[in-house]
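Trainee: Work the whole structure out from these sequences, hints included.
There are 2 protein chains.
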Amino acid sequence: MSNISEFTTNRLSVYLRCLDQLEASGVRAVSSKTLAEDFGLNAAQIRKDLAHFGELGVRGVGYYVKDLRRQLQHILGLDCGLTVAIMGAGNLGLALADYHGFKQEGFRVAALFDNLREKVGTRSRNGILIYDIRELKRVAKRENIAIAIIAVPIRSAQTVVDKVVLSGIKAILNFSPGSLRVPEDVKMKNVDLTVSLESLSFYLARSDRGEEE
Amino acid sequence: MSNISEFTTNRLSVYLRCLDQLEASGVRAVSSKTLAEDFGLNAAQIRKDLAHFGELGVRGVGYYVKDLRRQLQHILGLDCGLTVAIMGAGNLGLALADYHGFKQEGFRVAALFDNLREKVGTRSRNGILIYDIRELKRVAKRENIAIAIIAVPIRSAQTVVDKVVLSGIKAILNFSPGSLRVPEDVKMKNVDLTVSLESLSFYLARSDRGEEE
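Residue numbers (the working numbering), protein chains in the order written: chain A, 2 to 214; chain B, 2 to 214.
To be clear, the hints were calculated from the coordinates, so they are not data collected in a lab.
Among the hints, erroneous ones may be present.
Copies of the same chain look alike in the list, so a pair counts if it works inside one copy or between any two.
[Unchecked claim] Below 25 Å or equal to it, Euclidean Cα-Cα: the simulated DMTMM-like pairs (lysine to aspartate or glutamate) are:
# : residue 1 : residue 2
1 : Lys34     : Glu185
2 : Lys164    : Glu24
3 : Lys120    : Asp186
4 : Lys188    : Asp99
5 : Lys190    : Glu7
6 : Lys171    : Glu38
7 : Lys104    : Glu38
8 : Lys171    : Asp193
9 : Lys120    : Asp99
Mentor: Written out as structure tokens, the structure is:
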């Protein structure tokens with residue numbers, strides 16, 4: 002397990018999403034080839050990625066959907082019911098607090114934090130309470146918050162990250178652009194929403210140049 | 002260029018982001034090895050990905066940062082100044098309309114669309130106008146909109162996607178969960194924000210199990 006890159010864990014998440022769909026459609030077993038064909042993935046890459054974690058497949062069958070799904074959830078730590086806090090109750094923070102997919106995958110958003118007095122004490126549409134950011138340490142401990150999501154404007158991002166680190170939270174998902182500093186024992190992942198737009202842009206550029214898929 | 006996967010174009014976007022940083026720090030040339038080390042990437046993968054597009058590197062030098070950046074922008078179609086419309090002026094739509102990164106990478110958000118009368122005619126914080134969704138076709142043509150972002154609740158997502166397709170837009174970025182149908186000549190990309198959370202969850206699970214990086 003020592004050399005699992007972020008690209009690999011991202012792909013594991015993608016595989017899990019595909020397995021969710023297969024299980025919902027009642028598929029019991031799937032080969033890497035079929036998985037690749039159905040979801041536009043790479044079969045050799047799937048086998049290579051899964052081989053990191055031991056013998057997950059069955060010769061002549063491929064993978065049992067339910068089993069592989071459970072194993073991936075375990076590998077990704079999703080069977081622990083991790084608790085999330087969102088820093089910043091602006092449009093992005095409120096959108097993330099009510100984001101359907103988090104709950105579906107076993108994450109629990111426990112709290113929003115902001116420093117605007119008129120927001121503190123109110124709730125997101127789905128009922129997540131907005132706390133004063135000065136309460137972060139206390140609430141983080143009480144709710145056992147594992148992951149903080151940064152959804153504040155760029156100018157206050159570093160200050161907020163520093164408060165998160167001081168509260169003892171060890172994993173940060175950052176939606177704020179620009180580079181933020183965290184100590185070595187804290188894992189930060191930056192989300193860049195432009196990446197997905199650029200992939201579409203590539204497709205459009207290729208169509209314009211008259212190239213075919 | 003015939004077999005460029007979405008994983009590859011996503012990685013090209015990541016490389017572009019790294020080059021942005023290198024250029025901002027005044028770095029003139031970089032090898033795939035240094036690029037990989039500095040940003041936690043895979044050097045062999047970088048060389049393989051870039052080799053799809055011809056000889057972008059220079060023997061003994063690596064890549065000239067400015068040149069490679071320009072070439073990647075061209076490959077990704079970012080030098081065309083693509084125009085984007087956002088469907089849904091809820092929290093997510095408003096957050097995306099004002100998302101700093103889009104503008105930075107050469108995308109222009111031209112319009113928001115909603116069907117709530119009290120929202121139509123108002124603007125996002127950064128001044129993007131909210132139109133009635135019935136005006137989509139007209140505005141899409143006038144503004145030459147290339148990409149539509151779907152940020153509406155799941156129950157209205159397919160109806161909105163159908164309207165986008167009818168308006169002639171050929172690329173869709175979908176933030177709504179669930180699977181939506183588009184005709185073959187329309188490219189749709191689904192964004193799943195849980196993927197990034199799961200990568201952090203994997204890190205936390207591994208720490209708990211006492212494994213080291």
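Trainee: All the hints need checking, so say for each whether the structure fits it.
Mentor: Okay, the hints, checked on the actual structure:
1. Lys34 with Glu185: between (39 Å within a copy, 23 Å between copies)
2. Lys164 with Glu24: neither (41 Å within a copy, 31 Å between copies)
3. Lys120 with Asp186: Classified as neither; 32 Å inside a copy, 45 Å across copies.
4. Lys188 with Asp99: Answer is within; shortest intra-copy Cα gap is 24 Å, inter-copy 27 Å.
5. Lys190 with Glu7: Both: 9 Å inside a chain and 21 Å across chains, each within 25 Å.
6. Lys171 with Glu38: So Lys171 and Glu38 pass the 25 Å test across copies only (23 Å; inside, 38 Å).
7. Lys104 with Glu38: neither (28 Å within a copy, 35 Å between copies)
8. Lys171 with Asp193: both (20 Å within a copy, 23 Å between copies)
9. Lys120 with Asp99: both (16 Å within a copy, 20 Å between copies)
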